[in-house]
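Novice: Here is how the chains run, residue by residue.
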Amino acid sequence: MFLVALGYRAGGNAPIYTDVPQGPMVLPVPQALNLTSIVINVAVLALMLTMVIQIHRHTGSLDSEKSRKLKG
Amino acid sequence: MAAMIAHAPILIIAIPLVAAFLTPLVGMASKRARNALVVVSLLFVAFLVFALARDVVTNGIRVYTLGAASPEQTIPTGFIMPVRIILEIDGMSIFMGLIITTVALASLIYSLHFLKGQTGQARFYSLMMLLYAGMMGLAFTGDMFNLFVFLEIASIAGAGLAAYRANMADAVEGGFKYIVVSTIAGLMVLFAVGILYAQYNVLSIAALAHYMQHTLLDIIALGLLGSVFVIKLAAVPLHMWAPDTYTVAPAGVTPMIYTSSAASMYALYRVSFTLYGSTIDTTTLGRVVIALGVLSMFVGVMMAVHQTDIKRLMAYHAISQSGYMLLGVGVGLAVLADPVALANYGRNAINGGIFHMINNALYKGMLFLTAEAIFFRIGTRDLNRMGGLGHKMKCTAGFFIIGALAISGIPPFNGFASKLLIYETVFKFNPVLSVIAMFVSLVTLASFTKVFYSTFTGPEIPAYKEVREVPKSMIIGMGILAACIIFFSIFPGVVMDTIVAPATEALIDQASYISAVMGGVP
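First to last, the sequence lines map onto chains F and S.
Using the working numbering, the first residue of the first sequence is number 1, and each one after it goes up by one.
Using the working numbering, the first residue of the second sequence is number 1001, and each one after it goes up by one.
Just so you know, the hints here were simulated from the structure itself, not pulled from any lab data.
Ideal placement from N, C-alpha and C gives every residue a C-beta, glycine not left out.
Where hints are given, some of them may not hold.
Residues from chain F shown here face chain S by an in silico Cβ test under 10 Å; the list is partial [to be verified]: (1) 30; (2) 32; (3) 37; (4) 40; (5) 41; (6) 43; (7) 44; (8) 45; (9) 47; (10) 48; (11) 51; (12) 54; (13) 55; (14) 57; (15) 58.
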């Protein structure tokens, strides 16, 4: 949201170059950035969830306090 | 050949990416073909990196604009600022590229035999190539947003690899910690990129540096970016993930994750020198970096001394060694604005810090590999349960000695060359810092002596009677790194002149980095 808000120009048009009406355009770059970061975060989330499943298999619990094999 | 070098920047990133996705497919047909594919593609990329390195050292900065009619055309016709994705390779980037490539080659060859009999090998190689591509991208990119993308690629692949031995609960835990920390770091980068983009409407590092105004928002962005890279390179107040992740990651991966933290250090330098170099008060920034360096050096080594897990011990040493690099470069950064002091000792301080980066990647990587070789044969990382392994694992013991002497800065090894440079220059800046650095080095030696005695010497333990030397591919993997260390030890001057000095020059010389992209734009 933060990124999309950055590129907004009041009263702008969609940044589609073919058949462009007169007037300011909304910046397209932040939207591209946003899509990229969403894709990346989906991947990260998927990886995290698989790891949580693995941890649950090992400890039988989802409590992060109980997953404490590494210390020191 | 010339055309190949012109397109080398993108090929170096694209080939490992393609190989990463081909690996599982080829692996379904034949395992041998898969291993060959991975090794050959990495070897080819290594060749490209070396060719590009020669080119960059002789001809200066090389830019590569994706989607442009010719790679050198950074600003499209009719525009006044760069809008395309740009890869920009200067002395520092290619220096990082060389480190990453050497370590990756050694780790990959080491892993070939290490993984025999494990499940999910195709995924392992696939992630390994992704991690490599991510790190190379991080080193080569000239664009803030791509910095974020490549940082995330490297983090995801690194976390997946760290948790590779999913049958062990601690491995998953270590991997999970890494991914959580990396994601938070990634979001902070994204936020900082957003702040910068909102002000200047460009993403290219060179263009941002060109337009940089030194507003409050810029300082906030610097704070965010700085803390991210400090997290990722595991400097002391933010180091908690590193020992856990390094300990559990399988062999071959630990050196790679360690190198990816070195790549974050590169990003820190890139941001503080190239992006902000001329606009902010570098003295303060330099002092912050020095403080972080001293803290990491001291706390890292003190935590290492009492460890009984061999890899955990090495992980804390890795943190402590990062402190040296931060110290050296921090001193250089602190005097960046003062030409006399810069010429006097600042430049050499940066040289020392950067030289230590490559030295450390080599010997630390090798030490991690020897630790895993021991784990591979006896199945424990606990120092108290080892002993007498020197009788059977002679090669491993030899490699360990080389690594341990190099890390403690004993002459004539390469660690000595870079540490001496750091001591000398830091002494001119502030003698106390130099004394701390020497003390830390001493403790490092003590700690590695302890490891050596408890692991390799003593009578043979009956339980380990059947232990043999590790297989060939693992020895070759360690051998590559050992050969580099010995070469660096004998010819520190050559290395210094050919790769380290251009890297330092690239860091200091912000103007030419900017003009390579911006050209004559006012």
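Novice: Hint by hint, say whether it matches the structure.
Specialist: A quick look at each hint next to the structure:
| no. | hint | in the structure |
| --- | --- | --- |
| 1 | 30 | holds, 7 Å |
| 2 | 32 | holds, 9 Å |
| 3 | 37 | holds, 6 Å |
| 4 | 40 | holds, 5 Å |
| 5 | 41 | holds, 8 Å |
| 6 | 43 | holds, 6 Å |
| 7 | 44 | holds, 5 Å |
| 8 | 45 | holds, 9 Å |
| 9 | 47 | holds, 6 Å |
| 10 | 48 | holds, 6 Å |
| 11 | 51 | holds, 4 Å |
| 12 | 54 | holds, 4 Å |
| 13 | 55 | holds, 5 Å |
| 14 | 57 | holds, 9 Å |
| 15 | 58 | holds, 4 Å |
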